[in-house]
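Undergrad: Position chain Z against the provided structure of chain E, taking the given hints into account.
2 protein chains.
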Amino acid sequence: MADAEKTVALPGVMPDRRPETASPPEDFNPIAIAKQLLRGTRAGALATLDRNTGHPFSSLVNVATDADGSPLILVSQLSTHTANIEADPRASVLLASTGKGDSLAHPRLTVLGTFANISADAPDAARVRRRFLSRHPKSRLYAGFGDFTFWRSPILRTPLKSSRSRKARSNT
Amino acid sequence: MADAEKTVALPGVMPDRRPETASPPEDFNPIAIAKQLLRGTRAGALATLDRNTGHPFSSLVNVATDADGSPLILVSQLSTHTANIEADPRASVLLASTGKGDSLAHPRLTVLGTFANISADAPDAARVRRRFLSRHPKSRLYAGFGDFTFWRSPILRTPLKSSRSRKARSNT
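Quick note, the sequences are listed as chains E and Z, same order.
Heads up: the first sequence is residues 1 to 172, going by this note's numbering.
Heads up: the second sequence is residues 1 to 172, going by this note's numbering.
Next comes chain E alone, as it looks inside the complex (with noise of 0.2 Å):
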């Protein structure tokens, strides 16, 4: 309260908010932030379609990106996000770095693609597992799991929010 009241906006105009015509400010490197996000984010929110339903379901993942930037995941056929993508491997994983105070005012990238699955004799398979457990070294305990698999999802759009101000919308 005490915080909200301290912060001084005109009427009617949010504060730091640019107009949807306005041209991005010069510090504004969507692609730089981009990157970052890729290859330093751990963890990543999954969206899925529910296999029955088709109603979106969004759970959390550990992520890692493999060179060209796609996201890798590890997952179990267990879990009802790997059922989901094996009926429909479309999705989208959300990266989000933290911070103090508003999470909307962290940039977030939102990474959309089809997953495929990376099957342990693919020619790529050697490098996804070295990349993802390179950011995951823990979970070298179950990567060897039958239950287990590596997906990739090549990026088909990455709309970033960078605050509640900066936005962009890039194509791979």
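Keep in mind that the hints were calculated from the coordinates and are not lab data.
Check before you lean on any hint, since a few could be wrong.
Since the list can't tell identical chains apart, any single copy or any two copies may satisfy a pair.
What the hints assert, rightly or not - For lysine-lysine, the following BS3-like pairs were computed, each having C-alpha atoms within a straight-line distance of at most 25 Å:
1. K100 to K167
2. K100 to K138
3. K35 to K138
4. K35 to K167
5. K100 to K35
6. K138 to K167
TA: Frame of chain E; chain Z shown alone:
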């Protein structure tokens, strides 16, 4: 790497993983954990359906809860997720607690539901507004803007994961 090597696991057994058929540990109280996540979490990952393609879309929202635990959000009509729930109100909200180490070792709750807009003249509009602003005092600055609207998602189903080994499914 060093961390992973320190943990000792039997071959083929995930540390702390319980068999699917085991009875829950005595100190596992899924209802208390779910309430704590619902009552205390300030931001969540919203999964919606892309209004044009049906692709699952994950985005960050500030959340509060109504008296019965239903998630409440305050969103801009300029946002993608708002356009999505206007076209198809089915959604889920992931509420995750954060902490040190592996994100998947901390409790999180997926709240599935269907959002309904709370119009400013609805009988419960004042309560919804009061409850949301009490968790997010700074949102007072734009809660009155014409393009910001409150939505509530009565809970349909809430799968809870308290760690890799502990999960529960509840219906309300």
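Undergrad: If a hint holds in the structure, say so; if it doesn't, say that too.
TA: Against the structure, the hints:
Taking the shortest Cα distances, K100 and K167 sit within 25 Å of each other inside one copy (20 Å), while across copies they are farther apart (30 Å). In this assembly of identical chains, the alpha carbons of K100 and K138 lie at most 25 Å apart only when taken from different copies (14 Å versus 28 Å within one copy). In this assembly of identical chains, K35 and K138 lie within 25 Å of each other by CA distance solely inside one copy; the values are 24 Å within and 30 Å between copies. Taking identical chains as interchangeable, the C-alpha atoms of K35 and K167 lie at most 25 Å apart only when both belong to the same chain, with a minimum of 15 Å there against 33 Å between chains.
For the homomeric pair K100 and K35, the shortest alpha-carbon distances inside one copy (21 Å) and between copies (24 Å) are both at most 25 Å. In the homo-oligomer, the alpha carbons of K138 and K167 lie at most 25 Å apart only across protomers (21 Å), although the nearest pairing inside one protomer, at 34 Å, exceeds that limit.
Violated hints: none; the structure is consistent with every hint.
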